[in-house]
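**Q** Okay, here's what each chain looks like letter by letter:
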Amino acid sequence: MANPSEPILRYKASIRANHWFVAITFILMAISGLALFYPSFFFLSYLLGGGQSDRILHPFIGVAMYIGFLSLALRFWRRNYITRNDQQWMKQIGDVLQNREENLPPVGFFNAGQKYLYWTMMLTLSALLITGIMIWRPYFAPYFSIPAIRIAVLLHSFSAFVIIAGIIVHIYAAIWIKGSIPAMTRGTVTRAWARQHHLDWYRKIGK
Amino acid sequence: MSLQSLDIIARSATTNPSPQIRHTEEVAKLIDISKCIGCKACQSACMEWNDVRDKIGTCDGVYDNPPDLSPESWTVMRFSEVELEPGKLEWLIRKDGCMHCADPGCLKACPAPGAIIQYSNGIVDFHEEHCIGCGYCIAGCPFNVPRISKKDNRAYKCTLCSDRVAVGMEPACIKSCPTGALVFGSKVDMIKHAEGRIADLNSRGYQNAGLYDPAGVGGTHVMYVLQHADQPELYHGLPNTPRISPLVSWWKGITKPLMSIGLGLVALTGFFHYVTVGPNEVTEHSKEEVEEEEEK
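In the order they appear, the protein sequences are chains A and B. If you count by the working numbering, then the first sequence holds residues 1 to 207, one letter each, in order. If you count by the working numbering, then the second sequence holds residues 1001 to 1296, one letter each, in order.
Rather than coming from a laboratory, the hints here were simulated on the basis of the structure. These figures come from a predicted structure and were not determined experimentally. Just so it is clear, CB atoms sit at the ideal spot from N, CA and C, and this is done for glycine as well. There may be inaccurate statements among the hints.
What the hints assert, rightly or not - Under the rule of at most 20 Å between Cα atoms (straight-line distance), these lysine to any residue pairs were calculated in the SDA-like manner: (1) A:K204 <-> A:S5; (2) B:K1256 <-> A:I151; (3) B:K1256 <-> A:G166; (4) B:K1035 <-> B:K1287; (5) B:K1287 <-> A:I151; (6) B:K1287 <-> A:G166; (7) B:K1256 <-> A:L104; (8) B:K1287 <-> A:F158; (9) B:K1175 <-> B:K1287; (10) B:K1287 <-> A:S40; (11) B:K1150 <-> B:V1167; (12) B:K1256 <-> A:S5; (13) B:K1055 <-> B:A1041.
Unchecked claim - Footprint (simulated), chain B over chain A, 3 or more residues, beta carbon under 8 Å: (14) 8-22; (15) 79-86; (16) 115-129; (17) 153-166.
Said to hold, decoys possible - Okay, the calculated bits of chain B under chain A, using three or more residues with CB under 8 Å as the criterion: (18) 1019-1025; (19) 1144-1153; (20) 1284-1294.
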């Protein structure tokens, strides 16, 4: 019989380190990328040492981020299969936003929002990697035609917009759902947190 | 190269307006292809005035030498052999280089503030000290002109000798042309000059002679007199209706502010959600349920 006050391990240390590696590189990517996207954000390039070094560092950090992301994504792969409950959960997004969790179908390790973010990241980061290589100067861009580079650069900025918006939502969700942040900082959540937000997962580990 | 700031009308990656009190005459270089003999004196003069030297290349079977524009070769003669009527070979020689568009795609695409400057006289100039080497200008240009140097990762192209023009001199290439194929002056005068040249070509059987000053890029400050203005492609692929690619316009046009506002709205929505609906905390009910279940 478990002690109800004893926390549950949700993310082990290697997962947490992996997550924060991706998080830190993502922030650097967003800063250095937005600097090149819109004049009003150009000042952000000075955080990476100015325009030239921003342009040089951005793709290298990007490759590091993608490798980190793949490592995390492969470990989470099976937990992100979309189920019937997830579709129902998304239909009741109003209840989600209004904190009426009692009306929602029971959630497993990840809820539908987390799963869709996972697949959005998979899609956009892969698109960013491919289009990023196509516009990477001076190494790879010379091998692609100018019309191809135009398509790549447009897709690159659009994918970046989608995923930066997605990550803003991700960060907000961690602030909004109290008790979530310790899962990624210390690795643990309370039993009540698990029961309230991830009932199926809670039942499964309770066995 | 920097010129006086009062002459700037557009600056890359800059949203604030430029100085506006001074008005200068628009200038233009007129290239009369029917008079060009392909001597490349203009290429030499360009290298000499700007003090840049391309590496010695190899002949690749045509007269084009160097074979392409480069960070050191800002203008290159393009030789095209065409036979519009059987048995009547024409050797069309086009001086290639920056067209100094009134609506410059390079400037639109450039993310580095002040790396590309458009002067009120129409010259579009790269200020290499601000260039970050991203190559966006290459994607933006409808004429495939900018070249990035492998030595310093900065973009180079014809300046229309902005330094000479600023002090009332004509560009170096103009000065060197032995046949008068290159002329320089105010854009209005150059259009007038071109009309005389076109009338002459018409009288000599070139019914489709005309001026190349494409409206799709707002007109250019380097214009051509073409014997076959109905087929500019004959001249080493000079685009018929050049314009900034719609892909570039979407990327650096309206989407730029829209996406930026979009990101701000997402963050603000989160903030207002938090202060209205509020956080989702673990309820007493959940805690009690856990205690009951664990005791079983």
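**Q** So, for every hint listed, does it hold in this structure?
**A** Taking the hints in turn, this is what the structure says about them:
The suggested pairing of A:K204 with A:S5 holds, with an alpha-carbon distance near 18 Å, which does not exceed 20 Å. Restraint check for B:K1256 and A:I151: satisfied, since their Cα atoms lie roughly 16 Å apart, inside the 20 Å limit. Between the alpha carbons of B:K1256 and A:G166 the distance comes to roughly 18 Å, so the proposed pair stays at or under 20 Å and holds. Distance restraint check for B:K1035 and B:K1287: the Cα-Cα separation of roughly 91 Å exceeds the 20 Å cut-off, and the hinted pair is therefore not satisfied.
Straight-line distance between C-alpha atoms of B:K1287 and A:I151 comes to about 53 Å, which puts the hinted pair past the 20 Å bound. In summary, the hint linking B:K1287 to A:G166 is not supported, as the alpha carbons are separated by about 31 Å, beyond the 20 Å threshold. Annotation: proposed proximity of B:K1256 to A:L104 is violated, straight-line Cα distance about 38 Å (limit 20 Å). With a CA separation close to 43 Å, the supplied pair B:K1287 and A:F158 exceeds the 20 Å bound.
About 88 Å separates the Cα atoms of B:K1175 and B:K1287, which puts this hinted pair outside 20 Å; it is violated. Of the pairs offered as hints, the one joining B:K1287 and A:S40 is violated, with about 48 Å between alpha carbons and a cut-off of 20 Å exceeded. Note on B:K1150 and B:V1167: the hinted pairing is violated, with a Cα-Cα distance of about 32 Å set against a maximum of 20 Å. The suggested pairing of B:K1256 with A:S5 is violated, with an alpha-carbon distance near 50 Å, which exceeds 20 Å.
Distance check on the hinted pair: B:K1055 and B:A1041 sit about 17 Å apart at the alpha-carbon level, within 20 Å; holds. Only residues whose C-beta sits within less than 8 Å of a C-beta in chain B count toward coverage, and the stretch 8-22 of chain A has 0 of them, not enough to reach three; the restraint is violated. By the rule of at least three residues with a Cβ nearer than 8 Å to a Cβ of chain B, the coverage given for the stretch 79-86 of chain A is violated, with 0 such residues. For the stretch 115-129 of chain A, the stated coverage by chain B is violated: 0 residues have a C-beta nearer than 8 Å to a C-beta of that chain, whereas at least 3 were required.
With 7 residues carrying a beta carbon less than 8 Å from a beta carbon of chain B, the stretch 153-166 of chain A meets the three-residue requirement, and the given coverage holds. With a cut-off of 8 Å between beta carbons, the stretch 1019-1025 of chain B has 0 residues touching chain A; three or more are needed, and the interface restraint is violated. Only when three residues or more bring their CB closer than 8 Å to a CB of chain A does the claim for the stretch 1144-1153 of chain B stand; here the count is 4, and the claim holds. For a cut-off of 8 Å, the count of residues in the stretch 1284-1294 of chain B with a CB near a CB of chain A stands at 7, and the three-residue condition holds.
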